[in-house]
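**Q** Turn these sequences into a full structure, and let the hints guide you.
Below are the chains, spelled out letter by letter.
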Amino acid sequence: MNAAPAMIEVIGLACGHGQRRLVSDVSFLLHAHQILCLLGPNGVGKTTLFRTLLRLLPPQSGRIVIMGEDTASWGAARFARVVGYVPQAHASPFPFRVCDVVAMGRTAHLGVFQSPSRNDITIAMASLETLSIGHLGECSFNALSGGERQMVLIARALAQRPRLLVLDEPTSNLDFGNQVAVLEQVRDLAARQDMAVIMTTHDPNHALGYGSAVATLDRQGRFTLGRPAEIITESYLSTTYGIRTKLFHLAGHPPLCLPLGRQETAPCA
Amino acid sequence: MVGQAPARPVPMIGAGWTVLLLMAVLAAALISLAVGRYPVSPHTVFSVLVGQLLPIQPSWPDQAETVIMNIRLPRVMAALLVGCALSASGAAYQGIFRNPLVSPDILGVASGAGAGAALAILMGASAPGTQMAAFIGGIAAVSLTFLIGGRNKTGNTAMTMVLAGIMVAMVFQALISLLKVLADPINTLPAITFWLMGSLASAGFPQLAAAAPGCLSGLAVLLLLRWRLSVMAFNDEEAQVLGVNVARIRLAVIVAATLMTAAAVAISGVIAMVGLVVPHLARMIVGADFRNLLPVSALMGGLFMLLVDNLARTLSASEIPLGILTALIGAPVFFSLLTKANQRG
Chain A
1 MNAAPAMIEV
11 IGLACGHGQR
21 RLVSDVSFLL
31 HAHQILCLLG
41 PNGVGKTTLF
51 RTLLRLLPPQ
61 SGRIVIMGED
71 TASWGAARFA
81 RVVGYVPQAH
91 ASPFPFRVCD
101 VVAMGRTAHL
111 GVFQSPSRND
121 ITIAMASLET
131 LSIGHLGECS
141 FNALSGGERQ
151 MVLIARALAQ
161 RPRLLVLDEP
171 TSNLDFGNQV
181 AVLEQVRDLA
191 ARQDMAVIMT
201 THDPNHALGY
211 GSAVATLDRQ
221 GRFTLGRPAE
231 IITESYLSTT
241 YGIRTKLFHL
251 AGHPPLCLPL
261 GRQETAPCA
Chain B
1 MVGQAPARPV
11 PMIGAGWTVL
21 LLMAVLAAAL
31 ISLAVGRYPV
41 SPHTVFSVLV
51 GQLLPIQPSW
61 PDQAETVIMN
71 IRLPRVMAAL
81 LVGCALSASG
91 AAYQGIFRNP
101 LVSPDILGVA
111 SGAGAGAALA
121 ILMGASAPGT
131 QMAAFIGGIA
141 AVSLTFLIGG
151 RNKTGNTAMT
161 MVLAGIMVAM
171 VFQALISLLK
181 VLADPINTLP
191 AITFWLMGSL
201 ASAGFPQLAA
211 AAPGCLSGLA
221 VLLLLRWRLS
231 VMAFNDEEAQ
241 VLGVNVARIR
251 LAVIVAATLM
261 TAAAVAISGV
271 IAMVGLVVPH
281 LARMIVGADF
291 RNLLPVSALM
301 GGLFMLLVDN
311 LARTLSASEI
321 PLGILTALIG
331 APVFFSLLTK
341 ANQRG
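The listed protein sequences derive, respectively, from chains A and B. Each residue of the first sequence is one higher than the last, beginning at 1 in this note's numbering. Each residue of the second sequence is one higher than the last, beginning at 1 in this note's numbering.
Do not take every clue at face value.
Unchecked claim - Listed below are several chain A residues computed to face chain B (Cβ distance under 8 Å; list not exhaustive):
hint	residue
1	Leu54
2	Ala76
3	Ala80
4	Arg81
5	Tyr85
6	Met104
7	Leu110
8	Phe113
9	Ser115
10	Pro254
Rather than coming from a laboratory, the hints here were simulated on the basis of the structure. The structure displayed is predicted, hence computed values, not measured ones. Note that CB positions come from ideal geometry on N, CA and C, so glycine has one too.
**A** This is the structure we're talking about:
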């Protein structure tokens, strides 16, 4: 751990829908330039935890502290000035221009009756340039490919000027090349800008390759935190996903995991 | 959907269209004052209007001035007001429910207004009384929809609201049918039927004065909230994370749009298609951003309504109900533009 102030500190967070508890005892601390990868099989409450972190769901207990302040009393706009959220790439029912979509990232910095100013448009265009997609500004969002839409949604989060960037499976629905492009971009942003990153992923290799820390949720709703290579082991992968895997350690490269096939006895049967 | 197709640039044209439409609306209004059973030359229309402001010697018959100022002017203004209100509120409803198939009637306002008007006509109320009853009926229906569908705790408020709106509209439609059965088939039944088909034949300055505050204040609120509307129309859950107080803005927009629709429907009766079709056409021209969409929808709606109302009062010896004309004209226009847009896209 370094000496920089913690961007986000989550203390004893428990979440679920109504009375039903899905995830409990979530605690972690994240500094600037760090990337936390959240890993876990389908249906263990990853989305619920994510929505609670984004304050779309009220926490059942625990606290979310951002830059030393408890966020419980924060309004939506105050939260959005510090936390940028990147959803999975999607289409809109209406034809919006890319630059308008990115300018939506400025909303938390505007009054209720205000529209983006010239300065906000400049910030939005700069966010597009940061990701080298300035040429898409005048395009229709719905006409873009999945990878381009994902990049535009990242640009929108950057326009918020956040200290914490939260990405929900940024590589889902992307082709092989776009997956690498998006992940490299996220790593670059974390390295260059004064912010921390939390992202969910389904690919252990993404967590091994890009995470400074990995958190896992298992089928009992237990939250485990550690360094990528410590958490993602052959035994972890086999107990969690019911498949045999082999981890390869190549020189000058993060470990790689290769699935070998299903186990004879499924662990969740 | 398009995948690998090259992205088509969308030029920034909102302000230009707003100015162009504003001029078209003014020109159409002047022409509308000239056409009708009692023909007046555009020159006379202009002179009469100038004569209201400047002390010039009248060179026109008194009858022309009466027709223009007391009959046609309030009707032209009413057509513009109703078209503006229905189209702008239609655009707002579509945005707030993130569904381009939504019309201003989605929460039951037209059915409620119809039931209110039918009840008033049945009880022998005057024209202002009917207008007031229609307005109250419209507001009551949406309030009911809100009470039933707005308290959903599990999340998808928009869906439950729309379903509640459909149910409330059904109940009020049944009430209208009941009132029709009870109505006197010689006097009140035709009056109810005619009201439900929509008309501006009885629109005078008093009716206009009663409808304008609701329409204009609602429009003002929508214009003030235009950026928040855009953010919510793109994706309402993300809007929350982007710092929009979604519940509060949604409530404000629904109240404003309902106020506008109820006030408009109370003066004109039920007019189909306008609030659904015009926002679509506007979106094809200037895109989905409400900073452009709202003014362009409002002006296009006013223009469309004015032209249709001119047809309604000139095509035949007796007035043709507006609801019939908007549907007969609106549907084919809409469909041809839609297929054209699909071929291009």
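**Q** Is the hint on Tyr85/A kept, meaning its closest Cβ partner in chain B is under 8 Å away?
**A** OK, holds: Tyr85/A within 8 Å of chain B, min 4 Å.
**Q** Using Cβ atoms only, decide whether Arg81/A comes closer than 8 Å to chain B, and label the hint accordingly.
**A** holds, 7 Å
**Q** Report holds or violated for the interface hint on Met104/A, using the least CB-CB distance to chain B and a cut-off of 8 Å.
**A** This interface hint holds because 5 Å falls under the 8 Å limit.
**Q** Go through the hint on Leu110/A and say holds or violated, using the shortest Cβ distance to chain B against 8 Å.
**A** Since chain B brings a Cβ to about 7 Å from Leu110/A, closer than 8 Å, the hint holds.
**Q** Minimum Cβ distance from Ser115/A to chain B below 8 Å?
**A** holds, 4 Å
**Q** Quick one, is the Leu54/A hint okay against chain B at 8 Å, beta carbons?
**A** holds, 5 Å
**Q** Report holds or violated for the interface hint on Pro254/A, using the least CB-CB distance to chain B and a cut-off of 8 Å.
**A** Interface hint status for Pro254/A: violated (31 Å vs cutoff 8 Å).
**Q** Let's test the interface hint: is any C-beta of chain B closer than 8 Å to that of Ala80/A?
**A** holds, 3 Å
**Q** Is the hint on Ala76/A kept, meaning its closest Cβ partner in chain B is under 8 Å away?
**A** Constraint on Ala76/A satisfied, holds at 5 Å.
**Q** Hint check: is the beta carbon of Phe113/A less than 8 Å from a beta carbon of chain B?
**A** holds, 4 Å
The structure is inconsistent with hint 10 alone, although it conforms to all the rest.
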